[in-house]
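Under my numbering, think of the first position of the sequence shown as 1, with each following residue one higher.
No wet-lab data here; the hints were simulated from the structure.
Derived CB-CB ranges, DEER-like: (1) Ala-58 - Val-238: 29 to 35 angstroms; (2) Ser-234 - Arg-125: 26 to 32 angstroms; (3) Arg-5 - Met-111: 41 to 47 angstroms; (4) Arg-137 - Asp-106: 25 to 31 angstroms; (5) His-200 - Ala-174: 38 to 44 angstroms.
Even for Gly, the Cβ is constructed at its ideal location relative to N, Cα and C.
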Amino acid sequence: MTDHRPVETWLTDMDGVLVHEEDAIPGAAEFVKALKGSGRPFLVLTNNSIFTPRDLRARLLVSGIDVPEESIWTSALATAQFLAEQRPGGTAYVVGESGLTTAMHDVGYVMTDRDPDYVVLGETRTYSFEAITRAIRLIEKGARFIATNPDPSGPSPYGTLPATGSVAALISTATARQPYYIGKPNPLMMRSALNRLDAHSETTVMVGDRMDTDIISGLEAGLRTVLVLTGSTSREQVEHFPYRPSRIVDSIADLTPYAETT
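Modelling step: build the complete structure from the supplied sequences, incorporating the hints.
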């Protein structure tokens with residue numbers, strides 16, 4: 001952490017790094033408090049497109065972690081920003097929840113199922129056969145296929161849930177069209193976060209719990225990366241990947257001194 005230019009900006013994943021479901025990971029609240037006290041810009045990143053930043057702030061507060069709304073960056077926000085840059089004032093048929101539809105409305109997009117420019121797939125807890133069928137038919141008619149993230153599954157208190165990547169695979173199988181994924185591991189997610197903070201990759205650290213999303217997307221965006229062992233990837237599994245993080249730590253608590261002093 002000290003063998004490069006000083007760290008001026010922090011990016012961190014949320015699930016598996018700061019929280020497990022509704023429970024804070026020990027040291028997470030102190031880490032965020034240290035970041036806020038340092039005055040350095042930071043963003044909490046998540047591939048979850050269900051919730052708005054305001055919703056996620058409330059969820060984190062329940063866990064005892066105080067993250068400002070403007071310091072939360074979701075795959076829904078990154079997707080909306082990307083589409084606004086690609087085709088300003090466009091139209092989309094959106095399969096998703098308020099986090100995604102709010103982001104799309106905020107950039108001036110019109111939600112429609114009549115000849116939309118895009119079909120945009122996000123995560124939801126209420127996928128319907130009707131909505132998926134409509135998405136398939138619109139893509140067959142020429143709509144461009146976008147998905148907020150490729151995560152195939154997600155956790156819940158009751159076990160694994162199908163996520164955006166699984167439903168995207170269903171649509172792709174039916175249409176023979178692959179979506180363009182915006183969220184991690186696409187480094188576009190990292191670059192959009194850097195742009196939001198007016199930050200530089202050489203002075204930014206990405207903290208995550210997954211080698212195949214957080215670490216690789218940070219690496220490809222030119223960031224230093226830190227893997228915490230409180231989430232998906234174990235220390236033993238790191239050796240299976242052809243790339244390595246800049247550093248491995250047991251948990252986010254080990255990074256608090258660096259957040260305070262970098």
